[in-house]
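Those protein sequences? They're chains A and B, same order as listed. For the first sequence, the positions run 1 to 248 when my numbering is used. For the second sequence, the positions run 1001 to 1247 when my numbering is used.
Treat the hints loosely; a few may be bogus.
To be verified - Just so you have them, the derived chain A footprint on chain B, three or more residues with Cβ under 8 Å: (1) 1002-1009; (2) 1228-1242.
Claimed, not checked - Straight-line Cα separation of at most 30 Å, DSBU-like style, residue types lysine-lysine; simulated pairs: (3) B:Lys1142 to A:Lys125; (4) A:Lys125 to B:Lys1024; (5) B:Lys1236 to B:Lys1225; (6) B:Lys1142 to B:Lys1225.
Hints are computed from structural coordinates only; laboratory data are not their basis. All C-beta atoms, glycine included, are put in the ideal place defined by N, C-alpha and C.
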Amino acid sequence: MTALRSPGGDNAARIRGLRKAFGTHLVFDGLDLDVARGERVAILGASGCGKSTLLRCVAGLERSDAGTIATTGEIGVVFQEPRLFPWLDVERNVAFPARSDAERSRVHNVLALVGLAHAAQRLPKQLSGGMAQRAALARALVRDPALLLLDEPFAALDALRRIELRAAVREILEFTRASAVLVTHDVDDALALADRVLVLAGTPAEIVFHGVVGEDATRAAILDALGVADVRRAPGPRSVRHGASYTT
Amino acid sequence: MGRFVVPLALFAAWWAATASGAVKSYQLASPRDVLREIADLAQSGLLWRDLGASIERVALGFAIALLLALVLGSVVGGSRIAERALDPTLQAIRSVPSLAWVPLILLWLGIGETAKITLVAIGAFFPIYVSLVSGIRGVDRKLVEVGTIFGLSRTALIARVLVPATLPQLLVGARIGLTQAWLFLVAAELLAATNGLGFLLTDGQQTSRTDEILVAILLFALCGKLSESGMRWLEKRLVGWTDTVPV
């Protein structure tokens, strides 16, 4: 059975009893998660813990095996790579999802919002990594999504671009009031952008940590949860080294 | 300017070899003889008849090949079942040397235009087909996902993502296919023709006219080069967005 899709009510997204397996590998077995309207949730976890799979299930790119995923309104997705169409210039890439004149008229606004108004006529091959990712963000915003899914959107950028784009995304989220689910392995991304932080770990993945930024979701608490999660995943000397990488 | 150095040097060597008498005219005609022969052929209208006949055969054969390759390539590229059913056969046919088809084609289609156009089409078909299939197979799944997320219908996904993503490969295949078309044309016209550049070749050979042979060779070179340049121009115009090293 695939997950039912129905309006999420007061929630931007409501996940109940999500079950997803790849072959014999069970990624989720009964995961529940709510994202309130306007809320920004960061999901952290080690590589391969299932956080991207969760996002792909919500985006409709993966079929879940059981459970319900209910979302309200349009969904916008930004991936780790910009995924721009190389044959379209920035403006046409951003206009790609537009279905109506109203959405088409938003193209210039969202381009200005991400700071790319000056590069509208450029082809993707003429963009830097940071600019390409901004264009991808603009494309995700063109339908005025109620929920923005961000899958490691800064991972391919250098440290400086990362900080710049993070600030830009923060502004945009505040401006658009869209809900957001940010999947990341970077604690700083989570603390900078989210209201709420979850840590996923285990097989099948479960929420092993759950906190509100500014209250109990402190850097130390999140790192601790990630470290514990790693030890749980693979006990032994290797996991200690792996866990230590989060403190750097 | 660098591109003219070698042709000019070759021309100079040709001229020197024939003018000095080191090479006899029945072995290699002089540039002057060749130019006079071009003028004669042009004046008598034979040049345009032969050139026109060859261009027509290449154009028709290439058009048929393009159409067939588009249909079969899309089907095989778009469906694993079709690939399993058709591709091994097509690959086997592809590995047959071009001239091996000639006797069969002559038996089936006689020595008329149909036979020549068919042979040209066989030659042009495979590069286009192979490129198209590999182009479709090579479309970035990540771009297709973007289309899926925005809820594109199957038709819209094909028109807005798959076709533009495949176009660069298709054009490369078409360029190679057109070159192949000229290659197969020579084979077709050498065997049985009463006009065309290949006929000029055989006629020159039978009458020991090296000037006539050279005119045909020069015209072949010119046609091949022009169609290659034309295809490259088309590639630049249509798929200049590709982020690869220009070849």
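Hints versus structure:
no.: 1; hint: 1002-1009; in the structure: violated (count 0)
no.: 2; hint: 1228-1242; in the structure: holds (count 3)
no.: 3; hint: B:Lys1142 to A:Lys125; in the structure: 17 Å, holds
no.: 4; hint: A:Lys125 to B:Lys1024; in the structure: 57 Å, violated
no.: 5; hint: B:Lys1236 to B:Lys1225; in the structure: 16 Å, holds
no.: 6; hint: B:Lys1142 to B:Lys1225; in the structure: 38 Å, violated
Going down the numbered hints, you'll see the structure goes against 1, 4 and 6, while the others check out.
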